[in-house]
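Student: In case you want the letters, here they are:
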Amino acid sequence: EPEVTQTPSHQVTQMGQEVILRCVPISNHLYFYWYRQILGQKVEFLVSFYNNEISEKSEIFDDQFSVERPDGSNFTLKIRSTKLEDSAMYFCASTQGRSNQPQHFGDGTRLSIL
Amino acid sequence: AQKVTQAQTEISVVEKEDVTLDCVYETRDTTYYLFWYKQPPSGELVFLIRRNSFDEQNEISGRYSWNFQKSTSSFNFTITASQVVDSAVYFCALSEASGGGNKLTFGTGTQLKVEL
Numbered sequence: 176e177p178e179v180t181q182t183p184s185h186q187v188t189q190m191g192q193e194v195i196l197r198c199v200p201i202s203n204h205l206y207f208y209w210y211r212q213i214l215g216q217k218v219e220f221l222v223s224f225y226n227n228e229i230s231e232k233s234e235i236f237d238d239q240f241s242v243e244r245p246d247g248s249n250f251t252l253k254i255r256s257t258k259l260e261d262s263a264m265y266f267c268a269s270t271q272g273r274s275n276q277p278q279h280f281g282d283g284t285r286l287s288i289l
Numbered sequence: 036a037q038k039v040t041q042a043q044t045e046i047s048v049v050e051k052e053d054v055t056l057d058c059v060y061e062t063r064d065t066t067y068y069l070f071w072y073k074q075p076p077s078g079e080l081v082f083l084i085r086r087n088s089f090d091e092q093n094e095i096s097g098r099y100s101w102n103f104q105k106s107t108s109s110f111n112f113t114i115t116a117s118q119v120v121d122s123a124v125y126f127c128a129l130s131e132a133s134g135g136g137n138k139l140t141f142g143t144g145t146q147l148k149v150e151l
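Same order as they appear, the protein sequences are chains A and B.
In short: position in the first sequence from 1, add 175, done, that's the numbering used here.
In short: position in the second sequence from 1, add 35, done, that's the numbering used here.
Hints were generated in silico from the structure; no laboratory data involved.
Among these hints, one or two may not hold up.
To be verified - Covered stretches of chain A (in silico footprint by chain B; criterion: 3 or more residues with CB under 8 Å from a CB of chain B, positions within the stretch not fixed):
id, segment
1, 207-217
2, 278-284
What the hints assert, rightly or not - Below, computed lysine-lysine pairings styled on DSBU-like, alpha-carbon distance capped at 30 Å:
id, chain 1, residue 1, chain 2, residue 2
3, B, K73, B, K38
4, B, K105, A, K253
5, A, K232, A, K253
6, A, K258, B, K38
7, A, K232, B, K105
8, A, K217, B, K51
9, A, K232, B, K73
10, B, K38, A, K232
11, B, K105, A, K217
12, A, K253, A, K217
13, A, K253, B, K51
14, B, K105, B, K148
15, B, K105, A, K258
16, B, K148, B, K51
17, A, K217, A, K258
18, A, K232, A, K217
19, B, K105, B, K38
20, B, K105, B, K73
21, B, K73, B, K51
22, B, K73, B, K148
23, A, K232, A, K258
24, A, K217, B, K148
25, B, K51, A, K232
26, B, K38, B, K148
Glycine is no exception: its CB is placed at the ideal position from the N, C-alpha and C atoms.
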């Protein structure tokens with residue numbers, strides 16, 4: 176069964192550094208998402224992306240964050256000038272269609288900011 | 036604004052017991068979708084079920100069953116004859132059809148512990 180793939184599985188970065196989290200969505204999916212889960216807390220929506228542009232973003236997704244689909248397969252989340260509170264599990268998800276389709280999640284990237 | 040409430044933070048049961056996880060949602064949309072996801076200790080999010088707001092039929096899949104009641108805005112999940120492998124955090128989630136990005140709003144999750 177096709178999967179959403181995320182790399183790396185764990186990223187350790189010094190505070191203030193930039194980090195790029197990578198995702199390869201399922202190949203025929205058209206909608207892409209990033210979510211965040213701070214340890215022990217609920218999963219929070221960050222951003223959705225369709226047709227090469229952001230379709231919705233949360234309050235969390237401020238100017239520190241950006242997303243890009245640099246080629247036909249990758250979907251990246253860039254966090255500039257990381258802060259301690261950015262430490263979390265970041266999940267990428269994709270879906271073929273709109274809200275009637277389940278979002279398929281990758282295994283996540285655990286981001287640790289030191 | 037959409038909201039999902041899972042009032043049960045943690046439930047512990049003995050193997051073979053039945054257990055029901057509660058989910059209550061809020062939305063102004065008439066068309067919306069409800070989901071359950073499982074997060075085992077390994078951390079990934081596993082899709083379990085999707086329900087749309089027009090389909091109130093209960094669903095059974097093996098030991099899992101779901102009870103959707105629009106009158107009480109609830110979408111509860113029952114595991115029959117629980118097993119140790121069911122131990123995980125279970126998240127209920129909501130997506131509104133009117134939302135441009137189809138974002139999922141998750142509840143805070145229920146930690147289920149199944150012991151021998």
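Student: Would you mind marking each hint as holding or not holding in the structure?
Tutor: Here's how the hints hold up against the structure:
| no. | hint | in the structure |
| --- | --- | --- |
| 1 | 207-217 | holds (count 4) |
| 2 | 278-284 | holds (count 6) |
| 3 | B:K73 / B:K38 | holds, 19 Å |
| 4 | B:K105 / A:K253 | violated, 40 Å |
| 5 | A:K232 / A:K253 | holds, 14 Å |
| 6 | A:K258 / B:K38 | holds, 28 Å |
| 7 | A:K232 / B:K105 | holds, 28 Å |
| 8 | A:K217 / B:K51 | holds, 28 Å |
| 9 | A:K232 / B:K73 | holds, 24 Å |
| 10 | B:K38 / A:K232 | holds, 16 Å |
| 11 | B:K105 / A:K217 | holds, 24 Å |
| 12 | A:K253 / A:K217 | holds, 21 Å |
| 13 | A:K253 / B:K51 | violated, 45 Å |
| 14 | B:K105 / B:K148 | holds, 29 Å |
| 15 | B:K105 / A:K258 | violated, 42 Å |
| 16 | B:K148 / B:K51 | holds, 12 Å |
| 17 | A:K217 / A:K258 | holds, 20 Å |
| 18 | A:K232 / A:K217 | holds, 17 Å |
| 19 | B:K105 / B:K38 | holds, 15 Å |
| 20 | B:K105 / B:K73 | holds, 23 Å |
| 21 | B:K73 / B:K51 | holds, 19 Å |
| 22 | B:K73 / B:K148 | holds, 13 Å |
| 23 | A:K232 / A:K258 | holds, 20 Å |
| 24 | A:K217 / B:K148 | holds, 18 Å |
| 25 | B:K51 / A:K232 | violated, 42 Å |
| 26 | B:K38 / B:K148 | holds, 25 Å |
Checked against the numbered hints above, the structure violates hints 4, 13, 15 and 25; every other hint is satisfied.
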